[in-house]
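Q: Going down the list, the protein sequences come from chains A and B.
Position 170, counted from 1, in the first sequence is what the numbering used here calls 203; the numbers after and before it change by one each time, with no gaps.
Position 125, counted from 1, in the second sequence is what the numbering used here calls 239; the numbers after and before it change by one each time, with no gaps.
One thing to keep in mind: the hints can contain errors.
Which bits of chain A does chain B cover? Going by a derived footprint, with three or more residues having C-beta under 8 Å, they are [unchecked claim]:
(1) 161–173
(2) 234–242
Ranges between beta-carbon positions, derived for each pair [unchecked claim]:
(3) B:Phe304 / A:Leu190: 51 to 61 Å
(4) A:Ser282 / B:Gly463: 57 to 67 Å
(5) A:Glu87 / B:Tyr345: 26 to 36 Å
(6) A:Gly227 / B:Asp160: 51 to 61 Å
(7) B:Pro370 / A:Ala254: 44 to 54 Å
(8) B:Ser523 / A:Asp147: 56 to 66 Å
(9) B:Lys354 / A:Glu87: 43 to 53 Å
(10) A:Ile73 / B:Tyr345: 42 to 52 Å
Think of the hints as simulated: they come from the structure by calculation, not from any bench.
We put the beta carbon where it would ideally sit given N, CA and C, even for glycine.
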Amino acid sequence: MNTMNPTVTSEADMPEETLIPLQEERPAETVIEEGKTVGIPFADDPKFRLRNVEVFYGEERAIKNISLDIGRNEVIAFIGPSGCGKSTFLRCLNRMNDSIDICRVKGQLMLDQDDIYHTKRDVVELRARVGMVFQKPNPFPKSIYDNVAYGPRIHGLANRKSDLDEIVESSLRKAGLWDEVKDRLDATATGMSGGQQQRLCIARAIAVSPEVILMDEPCSALDPIATAKVEELIAEMSESYTIVIVTHSMQQAARVSNRTAYFHLGHLVEVNETDKVFTSPEHELTESYITGRFG
Amino acid sequence: MTDQRSQADIVRRSLKKRYRKERRFRAYGVLAISIALGALVILFADIIGKGWTGFIKTTVTLEVVLDSQSMYLDDPTDADQRAMADFAAPIIAALQKQVPEAARSQDLRQLYRLVGTYGSNDISDLLRANPEMLNTTQTLTFLASDAVSVYVKHRDNPSYSVRLSEQQQQWVDQLMEKGVIKTAFNDVFFTSGDSREPSNAGILGALVGSLLTLVVTLAIAFPVGVAAAIYLEEFAPQNKITDFIEVNINNLAAVPSIIFGLLGLAVIINTFGMPRSVPVVGGLVLALMTLPTIIISSRAAIKSVPPSIREAAEGIGASKMQVVLHHVLPLAMPGMLTGSIIGMAQALGETAPLLLIGMVAFIVDVPDGFFSAATVLPVQIYLWASSAEQGFIELASAGIMILLTFLISMNALAIWLRKRLERRW
Numbered sequence: 034m035n036t037m038n039p040t041v042t043s044e045a046d047m048p049e050e051t052l053i054p055l056q057e058e059r060p061a062e063t064v065i066e067e068g069k070t071v072g073i074p075f076a077d078d079p080k081f082r083l084r085n086v087e088v089f090y091g092e093e094r095a096i097k098n099i100s101l102d103i104g105r106n107e108v109i110a111f112i113g114p115s116g117c118g119k120s121t122f123l124r125c126l127n128r129m130n131d132s133i134d135i136c137r138v139k140g141q142l143m144l145d146q147d148d149i150y151h152t153k154r155d156v157v158e159l160r161a162r163v164g165m166v167f168q169k170p171n172p173f174p175k176s177i178y179d180n181v182a183y184g185p186r187i188h189g190l191a192n193r194k195s196d197l198d199e200i201v202e203s204s205l206r207k208a209g210l211w212d213e214v215k216d217r218l219d220a221t222a223t224g225m226s227g228g229q230q231q232r233l234c235i236a237r238a239i240a241v242s243p244e245v246i247l248m249d250e251p252c253s254a255l256d257p258i259a260t261a262k263v264e265e266l267i268a269e270m271s272e273s274y275t276i277v278i279v280t281h282s283m284q285q286a287a288r289v290s291n292r293t294a295y296f297h298l299g300h301l302v303e304v305n306e307t308d309k310v311f312t313s314p315e316h317e318l319t320e321s322y323i324t325g326r327f328g
Numbered sequence: 115m116t117d118q119r120s121q122a123d124i125v126r127r128s129l130k131k132r133y134r135k136e137r138r139f140r141a142y143g144v145l146a147i148s149i150a151l152g153a154l155v156i157l158f159a160d161i162i163g164k165g166w167t168g169f170i171k172t173t174v175t176l177e178v179v180l181d182s183q184s185m186y187l188d189d190p191t192d193a194d195q196r197a198m199a200d201f202a203a204p205i206i207a208a209l210q211k212q213v214p215e216a217a218r219s220q221d222l223r224q225l226y227r228l229v230g231t232y233g234s235n236d237i238s239d240l241l242r243a244n245p246e247m248l249n250t251t252q253t254l255t256f257l258a259s260d261a262v263s264v265y266v267k268h269r270d271n272p273s274y275s276v277r278l279s280e281q282q283q284q285w286v287d288q289l290m291e292k293g294v295i296k297t298a299f300n301d302v303f304f305t306s307g308d309s310r311e312p313s314n315a316g317i318l319g320a321l322v323g324s325l326l327t328l329v330v331t332l333a334i335a336f337p338v339g340v341a342a343a344i345y346l347e348e349f350a351p352q353n354k355i356t357d358f359i360e361v362n363i364n365n366l367a368a369v370p371s372i373i374f375g376l377l378g379l380a381v382i383i384n385t386f387g388m389p390r391s392v393p394v395v396g397g398l399v400l401a402l403m404t405l406p407t408i409i410i411s412s413r414a415a416i417k418s419v420p421p422s423i424r425e426a427a428e429g430i431g432a433s434k435m436q437v438v439l440h441h442v443l444p445l446a447m448p449g450m451l452t453g454s455i456i457g458m459a460q461a462l463g464e465t466a467p468l469l470l471i472g473m474v475a476f477i478v479d480v481p482d483g484f485f486s487a488a489t490v491l492p493v494q495i496y497l498w499a500s501s502a503e504q505g506f507i508e509l510a511s512a513g514i515m516i517l518l519t520f521l522i523s524m525n526a527l528a529i530w531l532r533k534r535l536e537r538r539w
């Protein structure tokens, strides 16, 4: 293992965009076997059934033959060094990769009984079912009320003003933000603190009552107190939603998730119960990552 | 220790040098700004110094006896009689009353030249409108002739040559003392169109022409430009065809404006048979000219909308069009407006393409619609600046002042609009 460490470290330091080098450059004694995931990647009656997923950026293969099930009302955390493909994989789940021209997705991705990448699949409907919270808080430069009401409005979920008010209030309550903002719903959202903005984005996502919420490093721009609040929120929301969270903080993964998936250079190396991943990982790469030897 | 100290010395010495460099660098900047400001001050001083007299008119006020006998006119409503009548006679008589020593017919002719050429027309028009005034005495104010006006306003200025005889100069001095010849605010300049006589020429025709032309330009160029920018930025696939279009738009922005004038002449006027000299054609040509500017700046404005906002909207399930209409467009609007105003300012100052489509014609009437013959401010200034009469020199400068005022108020409007749009966000 020592022989390969230097290579891995230098690759892990690369920015996310440069992605993964070709496999041939890796030392011969590599321990990753393509398409082979240790632990318990599959579940009964899953929310997402993902088989042999491959993602290409032009000629580069960013995701290499990953198969995974995501259970109903499960919180699953994706961890791994930078550039390992966890965000790319997450974005396949609501087709946010569509806007990148050179990106191609292969394999079977099922949400319940529906093929996510079916040619007739309506992306708008898919994203109403699979909401997303991003790395940096990105509220619209509008009022707090309009931010939350935007989703219900464009999907026509509320016909009357009173219905809309109700949705806004309940979404803000679920996001634990109602008490802080109920007196200034007309204030612009960009004037709030970073933590409040991120919780507003969560409220905005749940306002369209999705089934799944994808979170792409939701706390990386927040201070510890705001992070704690968001994590608390994730725990509460797990009762009613399936949550997929990408995180760089292993403590966060350990705190909020039921299962943890470890990605490495486009491979899904290990999926296990979170406790198991952090106490006795099965794969040696997982172990070296969580013990801080790289990443 | 010694090593450290010598190093500190080196740093200190180089510091001095660095600060000197910095001061010199700052001095260059100040110098550059002073040159720019100085040029601007000289320009404004020159224009205002030459042009302010354009806002002053010289008038001759006379007690005119509208005597039917001397005018050979019985019935002012009869056009034939009016054509034959001598409307100069009462003016000459009134002038002679003020200047009794002018008795010879040669003197009288000289005296009559103090009043502008349209003096007799004024009496004709007055009598046609009010036939009952025949055989009454009226106090009438006429515009003084160009020569008198130049003498009154510029007799101390060596760059003007006075075209009055010694005799006439004496008379003008006398009449000014009596208060017959006076100067007043030049309302004619703001209420009439062009004229062959400087005292009767006004800017209103060109101003209205410019306004009508710009309305057409804006109505065509803004929606087309913004729509093209949105399509190219948001919907167009990235391929050779869009690359080709992009290169050509950038090239169009650099095409000399006179080419657009030729295009307007060949296509809009000759092929489509639109009339010459009208604001619609001028507006179309200027719209073609400003389109590239608007497209390029609008695309830049769309590009500068942060991708996180797009992602946020897409993540909730907004369709492409909703993302564009609800989020991208409002955020890009201030930038688009700025670009459009720059384009409009360019169009306002443009002369060359309009010369080719006939908007350089001598047009006396103030245009009353998009299809009536008109000229525009810069063309009017060009016409006046190239005229022989001395009175047009100050009018050209005054016209430049009007053009600049128009431009500044347009920019002010743009800034105000931008501020308002930004505040909503």
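Q: None of the hints should be skipped; say for each whether it holds.
A: Hints and how they fare:
no. : hint                            : in the structure
1   : 161–173                         : holds (count 9)
2   : 234–242                         : holds (count 4)
3   : B:Phe304 / A:Leu190: 51 to 61 Å : 59 Å, holds
4   : A:Ser282 / B:Gly463: 57 to 67 Å : 59 Å, holds
5   : A:Glu87 / B:Tyr345: 26 to 36 Å  : 33 Å, holds
6   : A:Gly227 / B:Asp160: 51 to 61 Å : 56 Å, holds
7   : B:Pro370 / A:Ala254: 44 to 54 Å : 51 Å, holds
8   : B:Ser523 / A:Asp147: 56 to 66 Å : 59 Å, holds
9   : B:Lys354 / A:Glu87: 43 to 53 Å  : 29 Å, violated
10  : A:Ile73 / B:Tyr345: 42 to 52 Å  : 49 Å, holds
The structure fails hint 9 only (numbered hints given earlier).
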